Amino acid sequence: MSQSEPTGFSKSLRDVRAGRLTWLWLLVGFVLLPFTIVQTMIPLAAWLAPIFLLRFARTARRASVALTMIFLAEAIGNWIALRGGGDVGNIYMAVFGLILFSPFRGLVSTLPYAADRLLGSRLDEKTRALVFPLAYVTVDWLMTLLPVVNSTASFVYSQYDSLALMQIVSITGMWGITFLIGWGASTVNALWERGFDCRPVRGVVIPFVAVLIAVVLFGSIRLNFAAPSSPTVMAATVTIDHAVYQRAISPPFNWATFYRSTDDERGAVRPQLKATVDQMLERSESALRAGAKIVGWQEASAQVLEEDRQQTLDRASDLARRYDAYMQVEVSVFTRASTHHYYRNQSILIDNTGQILATYEKTYPVIPGEAYVSIPGPGKLPVANTPYGRMGTAICNDFHFPALARQAGRNDVDIMMAPYNDSIPFGQQDAVVAIFRAIENGYSMVKATGNGPSMITDYQGRILGRQNYGDGGGVMLATVPTHGVVTIYSRIGDLFAYFCVAGSIFLAIWAFVRKHPEVAPIQ
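Start counting the sequence shown at -10; every next residue gets the next number (our numbering).
FYI, nobody ran anything at the bench for these hints, they're computed from the structure. It is possible that part of the hints are untrue.
In silico lysine to aspartate or glutamate, EDC-like type, Cα no more than 16 Å apart, as pairs [to be verified]:
1) Lys263 <-> Asp230
2) Lys115 <-> Asp150
3) Lys369 <-> Asp313
4) Lys263 <-> Glu296
5) Lys369 <-> Glu350
6) Lys369 <-> Asp401
7) Lys263 <-> Asp313
Since this is a predicted model, take the numbers as computed values, not measurements.
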């Protein structure tokens, strides 16, 4: 008997023909998929789902059948995960997901399985183990370049509960975790094909295990020996009462026609819009009286007519000057226009003398709803020097685009003001996305959030303060480090992703030009 031939339990596992259980692996992978993205995220599900789907892709008799079924599983799984799009749009989000988002995500998510199935038989075992993770990263990275899709549905965000693992994104960006999950799937499948006998595939298993241990060890060392040690400053998040916000956007206000509103129509809604400004200023003053030196407002909190915008900013500037504090105010400005693009979503930084340091307009309005009425900004993140470090800001959906957020890292931002207004029930994932961007770019974060958790974190992802929407009178205070750190990722950008894309292309070419190796048959 050969030394590498499995015996005992390993032999019994190998003797169970994969074809008898192939469809079970598809079912298990499909059941796990909705728990890997967007909401109800279970960290382990993101590691297990690709293992079973890859097993199905490798063992199904016909590649066309295998890949079609994986496409359907991915599309339906994405649609289930996208369920329930908020107060205004459960049906709206369901239709959007069914028609556009889910089929597209299903198609691109099938590509790594197609690469493994079509190229794997042409490569040796060690090389094949890299096909799936390289393709996994390539697809995940390409999605972030598309405004409609971006990084929202990346399974990487499911790993939010492991700070040690998350620290690798300070070097590789989120793609390092993508690669590890994909590599784990191909490694387990290599073991599976050998009846879980490690000896024949030690050249596949040992590198993966060694790298995974190194990544977790790096994260643990970074957390314990490079924790923030700079002076701190008291910061506050301020959110608006839901009822006040709802009254502001209720009749006689009409989003669909307000771009051509008359003076009388604008006068009719002015009192209910002004109520949002009044409450945000009142709550900000409460935070300032409690000792806050930095105050951040949630997205879409102060609703103002264009002609009332300056008065609103004057009131906020006066507050900042009186309390010797820095404020980030968020205003929804309703202009007059000839088309539906009449709404400006602005985050404005004000210093302790009442001067406006920067005005930022949201670069990526959410498609399709917000983008229908919003005027997008030019895509340049501001940075302002303060006694509490360099301060920057971006708005909500902007943080789903790693390349945009990386501007803050390149500009050495220390504290990022992150106004959000979440779509129910996606608040948990939005919070995780923001934390990933903070770790990647080495800044601490003040995230004031409507319809979701407000959070203050340091640049390693530790939560220093958290408050659910509607609690605490809309005010939360916590201390935040005044200095961030320079991360490798903020300097090299998506270099790791570029290597993975290049690796995918190289293996695709190599598989067809080299002499085919003798590959052990799948049992």
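Hint check results:
Distance check on the hinted pair: Lys263 and Asp230 sit about 14 Å apart at the alpha-carbon level, within 16 Å; holds. Distance hint between Lys115 and Asp150 is unfulfilled; the C-alpha atoms sit about 31 Å from each other, more than 16 Å. Simply put, Lys369 and Asp313 have alpha-carbon atoms about 28 Å apart, too far for the 16 Å limit, and the pair is violated. Note on Lys263 and Glu296: the hinted pairing holds, with a Cα-Cα distance of about 12 Å set against a maximum of 16 Å.
Pair hint Lys369 plus Glu350 holds up; C-alpha atoms about 9 Å apart against a cutoff of 16 Å. Proximity of Lys369 to Asp401 is assessed by CA-CA distance (about 14 Å); at most 16 Å being required, the pair is judged to hold. For a cut-off of 16 Å, the pair hint linking Lys263 to Asp313 is broken: about 25 Å separates their Cα positions.
Comparing the model with each numbered hint stated earlier shows that hints 2, 3, 7 do not hold.
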